[in-house]
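Go ahead and model the full structure; you've got the sequences and the hints to work with.
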Amino acid sequence: MQWITLCKLDDLIDNSGVCAYLPDIEGQGRQLALFSLRHGDKQQLFAVGNWDPIGKANVISRGIVGSIAGEPVVASPLYKQHFSLLSGQCLEDNNIALPVFAVRLSGQDVQIANPSQPVTKGVC
Amino acid sequence: MSNTKKILVVGNGMVGHHFVEQLVGACPGAEITVLSGEPRLAYDRVHLSEFFAGKSVEDLMLTSESRYQQLGVHFFCNAWVERIDRQAKQVWLKDGRHLVYDKLVLATGSYPFVPPIPGNDQPHCLVYRTIEDLEAIQASAAQSRVGVVIGGGLLGLEAANALKQAGLQAHVVEFAPQLMAVQLDEGGGKQLRSKIEALGVKVHTDKATQQIVAGKHCRYQLQFKDGEALEADLILFSAGIRPQDSLARQAELQTGERGGIIIDDQCRTSDPDIYAIGECALWQGRIFGLVAPGYQMARVAASHISAGELCFQGADMSTKLKLLGVEVASIGDAHGKTPGALSYQYQNQPLGIYKKLVVDASQQRLLGAVLVGDSSDYDTLLQYALNGMDLPEFPESLILPSAGSKPALGADALPITATICSCHNVSKGDVLSAMDAGACELGAIKSCTKASTGCGGCAGLLKTLVDGELAKRGVEVKKDICEHFAYSRQELFHLVQVENIRTFEALLDKHGQGLGCDICKPVAASILASNWNEFVLATPHVGLQDTNDTFLANMQKDGTYSVVPRVPAGEITPDKLIVIGQVAKKYRLYTKITGGQRIDLFGARVEQLPDIWRELIAAGFETGHAYGKSLRTVKSCVGSTWCRYGVQDSVGTAIDIENRYKGLRSPHKIKMAVSGCTRECAEAQSKDVGVIATEKGWNLYVCGNGGMKPRHADLFAQDLDTDTLIRYIDRFLMFYVRTADRLQRTSVWLESLEGGLDYLREVIIDDSLGLAEALEAQMQQIIGSYQCEWKTAIGSEQNLKRFRQFVNADKPDSNIQFVEERGQWRPASEQEKLAFAAIDVRQISSEPQNA
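Just so you know, the sequences run in chain order A and B. Heads up: the first sequence begins at 6 in our numbering, then just goes up one per residue. Heads up: the second sequence begins at 578 in our numbering, then just goes up one per residue.
Hints should not be assumed to be uniformly reliable.
Footprint (simulated), chain A over chain B, 3 or more residues, beta carbon under 8 angstroms [to be verified]: (1) 1090-1099; (2) 1133-1146; (3) 1380-1387.
By construction, these hints were calculated from the structure, which means they are not laboratory data. Everything numeric in this text was worked out from a predicted model, so none of it was measured. Using N, Cα and C, we set each Cβ at its ideal position, and we do this for glycine too.
Rendered as structure tokens:
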């Protein structure tokens, strides 16, 4: 599997999101929302599309993160729908999901896997 | 002939209006025409004295022209009916017009009785019934020092309160040996008198006024039969009412010997096509001078006209009210006139409380009661009396001060038919059915049954009933803010304060579960800020903020932000205006003047915000907190500095207030305003905190609201000096910050406070909870730790890290596109974006335009 480095760990903000740019083949580029959930010593990274399919703007990285019934989620800052950070699924609307990307930490590098294809298919 | 029934209603008082509302519901096909003798449609006469406490005519209105138009009700104001032609079924107006009817409803009400005392027709001799009367009293009071009310009944005492509120030294003159002789017994009357005199109203009983002559010190002198005299500048007659039955007499309908249009159980007069309802009607020899029986008659008449079967069967005349702030209530046979009746009395002179029970000979049934100084037992006693319920073994326990074991009559004990709200005739059964149908919250039950929306006297009983019933049905009234915390906002506030909790993580570890969410995180952020006031973008707090707080700007639909610099009280120098213009031009921001007297700059990209703010701060601007649940603006009128009418410096005070509370985080946004005179150009009465200048200082209004559900602010305190004003606002705001729910504006918060405005006054003014000092100290701490968040933000690279579109690329968001409209930039629509196909429209449109 090919991993692409997007940014450094200290570009992320604990329990919050940032947006990273992912150049693609057509040179269009796509926007990813990167989240770092930290509680105590536990840290988890998540990457989903930054495009809010309901609010129709690139704002997902600016949403509040948290959990609903144990599932890590981000709430859209525009209309407050929740999206699972694991599956991208919108909790308020079964027909809508964000694309989800595999993400890992390699040393201090935040890396994304297989950038041409998101882990789950969603609206991006 | 058409099938439509023509219903003509003469009179648009409270009862006439209620009839119209009932008939519209019961008989949708009817063509209803209303004739109002007054210049306006129906208003709330029960709360008339509030006019002098600051309520406007609009506040008192029960309906409006547009509402009647919506209902399809025709109406004429200032329409005086001269005569009824019963043969032709026509009504003739004074101006010569006539209207035909199929059914005529007389709701002409009553008029104040003015005793035939020589000299009673001079200027400044007034009555108290209509808005016009109040305006006349207000005008006369402005040229008077001493006012006297002739008549010590219920209305007379209301009128005395009005005179007192108008700033006069007030007297009450009563013919009988005691006050409120109809409703109270001798003991109650005495107690009421001493309480009222303690409030500064002089009471003269056993006084028959013989004539009114010119006075020595005042405008007039009242000369009494016993040789004594009283001087006054303004004389108000409130010696009872007389039914307005002149039309009925002209039309030769049957009337009573002492007035009143005789009606049957269907509210029909002696002409079956003519009905009479309210205070003009005489049923079984009785006039009913209260609103609830009038409403009952209105329902009966509407029902009969629409082929219903309701009957009028008399009405309970029990009443509970506050006269000059003194609680007074009377139930049933207050005088114990029923043969064999026995009574129990309790009196507490130091506290000014008098209570009496009247029971039947067997001591099984409550016949009547009198309560003065404390009417908290009214609801329970009324239910015993109305429903004929068995009294407890020791009936006196119902009025004795309880040592915690008062046999409170649970709503459970009431029969299903018990009337809860007599104004709108809502029974316990009606409330339960509404709950069966899904209404499970007090507000919802009020709006679907109308219970407790009339005089409000049943509010306590209704709440007890609903709470008890909810508990019985196993509905847990859950106050948890979300799944992560089993606490209400108020409880969390308390935990943070008492346990000195400084971060969300600590709060979650100690009292919560999971990771938190977009509900509890902003709540915690607000609570932490209200307590410790640390920088909101500091590392432990940044993830808690809503996006607007995170970026210290307001996110718009396309993901751009708007920027609002603080312009305290709306006062701004030309140089600062120019800077705003220059910044807007440089960054191509759309500019709009806000309702809060400042300027909103739209369309800033997240990465532009720090640069924009560097320029604004360099010019002396501070953040406006438009993004926060916090103080927004203090709107002001130009005040005494410029205005011909201003009596105080409203701009200066508004600037001081805005600078004092800027940055205060609260459960929801807070808006304030200061007006320099009663013309109220700053619209302070629609704000959370409104200040209006008076000749003597400031009037403070609280808990007003514009928006979706507008609410007029309540007058909280009058003629305050500036220091006291600020002290009260400190306490008020901090009490709100501590106790309100998440996203609860002050208006809704006030409505949820048990005890309402009176309770709030006790806490803030009388310091009943002993909190005042702590509230002020906490406010002082917030004020002392104020910082301009933007100034702090641009001072550190760490803080600015988030103000980048991408952490790994120096590019703008290509989805943000603008088009030009009316000389400014606005977001491109979906279609426009497709049409321009990812070309940066802002670039193209920025080429020189043809003017």
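**Study point:** Coverage of the stretch 1380-1387 of chain B by chain A (three or more Cβ within 8 angstroms)
**Key:** Result for this restraint: holds, n = 6.
Point to revise | Given coverage of the stretch 1133-1146 of chain B by chain A, tested with a Cβ cutoff of 8 angstroms and a minimum of 3 residues | key: holds (count 3)
Check your understanding: Can the stretch 1090-1099 of chain B be counted as covered by chain A under the rule of three residues or more with Cβ-Cβ separation shorter than 8 angstroms?
Key -> holds (count 8)
In summary, the structure agrees with every hint in the numbered list given earlier.
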